[in-house]
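Kindly produce the complete structure, drawing on both the sequences and the hints.
Listed here are the chains, written in short residue letters.
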Amino acid sequence: MTIPIIEVENVYKYYKQARKSFSDKNKYVKAVNGVSFSLYEGESFGLVGESGSGKSTLGQVILQLINQTSGTVKYRGKNVSTYTKKELKAWRKQVQIVFQNPYASLNPKKTIGWIMEEPLNIHRIGNKAFRRQRVMEVLEEVGLDHTFMDRYPHELSGGQRQRVAIASAIILEPEFMVIDEGVSALDVSVQAQILNLLKRLQRKYRLTYLFISHDLNVVQYFCDRIAVMYLGEIVEIGETEELGRSLKHPYTKALFSSILSLDESEELKLLDGNLPSLLEI
Amino acid sequence: MRTPILTVENMNVSFELVNGNYKALENITFSVYPNEVVGIVGESGCGKSLTTQAILGILPKNAIVEYEKMEYKQVSLRELRDKDWREIRGKDISMIFQEPMSALNPLITVGKQIGEVLKVHTSYSKDEIKKRTIEMMKKVGLPRAEELYKSYPHQLSGGMQQRVAIAIALIADPDLIIADEPTTALDVTIQAQILALFKKIKNEQKSSMIFISHDWGVIRNICDRVLVMYAGHIVEEGAVSEILKNPKHPYTKSLIQSIPDHRKRGMELFTIPGKVPSLQDRKIGVCPFADRCSHCFDACHIEMPMTKEIEGTHTVKCHLYTKGAGLTS
Amino acid sequence: MNLKKAKSIPFYIGVGLIVFLLLVMIISIFYTPYDPNAMDSANRLAAPSMEHLFGTDNFGRDILSRIMEGSQTAFIIGISSVTIGFIFGFLFGAIAGYFGGWFDEVISRFIDAMLAFPGILLAIMLIAVFNTGMTNTIIALGIMSIPSFARITRSSFIQYKEYDFVKASIAKGAGSFRIIFQHILPNAVSPILVAVALSFSGAVLSESGLSYLGLGVQPPDPSWGRMLKEAQAYIASAPWYVILTGLAITFLVLGFNLLADGLRDKQDRKA
Ligand SMILES: Nc1ncnc2c1ncn2[C@@H]1O[C@H](COP(=O)(O)OP(=O)(O)OP(=O)(O)O)[C@@H](O)[C@H]1O
Ligand SMILES: Nc1ncnc2c1ncn2[C@@H]1O[C@H](COP(=O)(O)OP(=O)(O)OP(=O)(O)O)[C@@H](O)[C@H]1O
Ligand code: SF4
Ligand SMILES: [Mg+2]
Ligand SMILES: [Mg+2]
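Line by line, the protein sequences give chains X, C and Y. Residue numbers for the first sequence follow numbering that gives the first Met the number 0, so the first one is 0 and each next one is one higher. Residue numbers for the second sequence follow numbering that gives the first Met the number 0, so the first one is 0 and each next one is one higher. Residue numbers for the third sequence follow numbering that gives the first Met the number 0, so the first one is 0 and each next one is one higher.
Pairs of lysine to any residue, SDA-like flavour, derived with a Cα cap of 25 Å:
| hint | chain 1 | residue 1 | chain 2 | residue 2 |
| --- | --- | --- | --- | --- |
| 1 | X | Lys108 | C | Pro59 |
| 2 | X | Lys108 | C | Phe14 |
| 3 | C | Lys205 | C | Thr28 |
| 4 | X | Lys26 | C | Lys149 |
| 5 | X | Lys88 | Y | Lys160 |
| 6 | C | Lys137 | C | Glu115 |
| 7 | Y | Lys265 | X | Tyr151 |
| 8 | C | Lys22 | X | Gly112 |
| 9 | X | Lys92 | Y | Lys160 |
| 10 | C | Lys111 | Y | Lys160 |
| 11 | Y | Lys160 | C | Thr108 |
| 12 | X | Lys108 | C | Ser13 |
| 13 | X | Lys127 | Y | Gln181 |
| 14 | Y | Lys166 | C | Ser156 |
| 15 | C | Lys60 | X | Met148 |
| 16 | Y | Lys160 | X | Thr83 |
| 17 | Y | Lys160 | X | Thr68 |
| 18 | C | Lys60 | Y | Pro9 |
| 19 | X | Lys109 | Y | Leu90 |
| 20 | C | Lys72 | C | Arg88 |
| 21 | X | Lys26 | C | Gln154 |
| 22 | X | Lys77 | X | Trp90 |
None of these hints come from the bench; they were simulated from the model.
Listed below in structure tokens is the structure:
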């Protein structure tokens with residue numbers, strides 16, 4: 000067996016919760032509650048699960064943008080929290096993230112051109128002309144063009160912002176990417192275009208994806224393996240085909256049966272059923 | 000004939016950019032009837048959000064609007080003053096923004112932000128407002144409502160932020176709800192719950208809705224009618240079931256064809272070749288889809304197709320149905 | 000639209016006042032109607048007239064010329080002390096807000112302690128240590144405005160470091176320097192500008208107060224505060240002396256306060 004590119008071992012992340020009154024005891028939100036899994040080079044790993052189940056937190060812990068409460072994350076066998084400053088910077092070039100919220104992840108005071116060029120500037124790649132060229136190339140790849148270079152994020156549509164976020168992540172040609180709801184704001188056609196692009200990059204650079212999404216259609220299409228998160232834990236994990244066939248956890252069942260179908264014949268079972276019970280655990 | 004709650008006729012929006020003015024919306028005409036949910040679909044950058052921003056009078060500063068008519072309950076919206084708008088927004092018409100964080104103030108707790116709407120529009124007491132806020136938070140499926148009441152937006156997950164935005168929009172029982180991709184950040188189970196809530200509001204309060212989504216499953220589930228937009232134009236319009244079963248415009252057909260699903264795993268997904276032209280590259284007075292259309296013929300590059308009625312409310316803007324032989328496949 | 004315009008009127012009045020006084024200050028460098036220090040014992044406490052538009056003081060000096068020259072002191076003190084306060088306040092606030100930890104604890108306590116004092120009292124204490132005079136007044140007022148800058152900077156930094164665009168840049172390998180100056184600063188500019196305007200007016204006011212108490216700028220440097228003190232003795236016989244000097248101070252302080260309000264409004268409207 001090949002060594003995994005990412006190993007997550009027993010990761011916990013607790014957030015302290017605002018106390019209702021002074022006498023209250025400290026309460027914690029167990030955003031990630033003891034999670035372990037490994038990712039192998041070149042695979043697309045889907046992470047699905049209820050809203051608030053800790054997917055984004057986990058993704059950001061893996062990239063050390065949030066410090067875990069306990070547990071370790073290893074990259075190619077090495078514990079990432081032992082990296083020196085220099086190693087960390089080099090690592091940051093290899094791993095990228097597309098944030099869930101493109102509106103918040105683009106600096107409102109900077110132009111798209113500046114934002115796109117930033118990673119190249121940070122890692123001192125190429126000269127000015129090369130960088131501009133590269134920015135245009137990548138913009139074209141995500142279906143935008145040079146006319147966006149001088150615009151500010153608020154002058155773009157939601158989907159255009161999301162594509163800028165993706166473009167600025169792939170511009171460094173990383174080995175590993177966390178894509179947090181990276182295509183959810185995109186209409187089907189552009190979504191397809193981006194998914195195709197991601198697949199193409201994967202084939203070319205043996206990219207590994209941690210693909211966080213709540214859109215099961217997309218996840219099932221895109222991912223080789225899927226993990227289902229529920230209340231901070233991974234409750235089910237498996238090959239995509241397998242998972243679809245043999246669902247064990249009740250949440251997973253609910254999840255898979257509530258995919259909205261286009262088939263008139265398939266009526267929407269879930270809308271009448273009562274879901275909230277799941278939330279109030 | 001029913002009277003519409005909202006009428007938009009021949010609305011144009013253009014942007015002043017450094018090198019000239021460019022049209023982002025052209026001849027937008029549609030109505031929303033009482034107790035009706037109208038969907039808007041179309042590729043990214045087609046002008047869906049702009050359409051709703053124009054209605055609410057919250058376009059970016061560099062935008063210029065022209066229109067023949069834009070009326071909400073027989074009141075011309077563009078002539079309203081700031082003060083009138085404040086009365087209307089939130090209470091008569093409310094908006095759920097595409098990106099929830101853009102509508103939330105990072106420095107105010109979410110409970111306060113939801114309650115603020117009631118504070119502005121009603122004379123409820125503080126306790127009453129808090130009670131209703133928490134009720135609303137529960138209705139949109141926010142867990143631990145009492146605790147979340149005191150949280151700041153950045154302490155919430157993406158989907159929770161979105162539900163806060165939904166709660167803000169729904170709490171004052173508006174007559175017209177404009178929802179821009181309100182369920183994109185939600186997983187299917189919660190999406191189902193939110194859609195059920197929308198439906199309930201529609202049935203019980205007889206509200207109307209404009210519902211932007213790129214998810215045809217959601218559109219089919221909640222909308223009565225749908226507008227298909229392309230590059231600033233409405234190119235097809237009709238009952239949802241009709242459009243899904245019997246799409247006429249080549250663009251609508253391609254959109255429906257590119258829906259991903261697990262049966263297509265491992266295959267390249269179908270995409271419409273090319274991309275939505277950026278504002279600067281749009282041609283005026285021809286079919287906007289001509290460069291990407293596989294059925295394009297000479298007429299398409301010469302003039303803009305007229306609106307053609309297919310049957311009932313189903314209309315399409317494509318030369319195939321006025322000049323050509325129609326599209327059979 | 001109309002409402003926005005109406006709201007901007009005070010802002011423009013503020014800008015107008017500041018620009019006007021700035022012009023007066025610049026002119027006074029090259030020209031004043033009389034030598035501000037030339038005494039004319041025959042012409043003491045003369046009422047405003049064509050020769051002396053603002054009248055003369057108890058030594059027969061031309062009040063207009065003295066107010067004009069005093070504006071230089073006001074601006075020098077305002078600009079220098081704000082600069083000192085801004086540089087140190089920004090640095091402390093940025094480091095505390097961005098890195099957090101024990102440094103933040105120390106700075107925050109320090110800010111709280113300093114803010115608990117009435118500013119002018121703090122300045123008086125500092126003057127007691129440093130002694131009076133122009134430079135020392137600047138230093139004292141500069142130190143006095145550090146905590147407010149530090150606090151505003153700190154809270155902006157705490158707010159923005161949670162933003163995804165900051166995290167996004169960290170994720171791409173950006174160092175602290177880039178994050179602070181390229182990402183957070185441009186976004187925190189408007190609250191900081193408000194603080195600049197406010198602490199400018201605060202400095203002008205405090206300088207007048209200190210000089211009024213005889214603790215600030217010493218002769219021969221001109222000062223509005225000291226003029227006010229001198230004028231006070233003649234409030235009955237030469238009321239214009241007090242009124243006109245007081246108006247000069249008020250206009251400058253008001254100008255910056257209106258500017259600050261306007262900036263804050265603009266900021267709120269954007270949010
Ligand atoms: N900074 C924070 N402070 C306190 N609680 C937080 C913070 N960030 C996240 N949480 C909580 O942690 C939990 C998990 O959040 P996370 O963003 O990881 O969810 P998610 O699975 O990504 O959900 P979604 O699909 O809605 O994006 C939520 O309950 C959230 O409220
Ligand atoms: N302030 C602005 N200045 C210039 N162009 C703008 C501005 N705001 C929006 N646009 C452009 O107008 C077009 C329509 O934008 P809109 O936000 O309506 O798209 P949308 O259909 O909602 O797309 P999405 O699904 O991606 O949100 C886009 O091409 C966008 O780049
Ligand atoms: S008018 Fe022509 S180009 Fe446009 S959609 Fe119809 S066939 Fe295609
Ligand atoms: Mg998330
Ligand atoms: Mg949009």
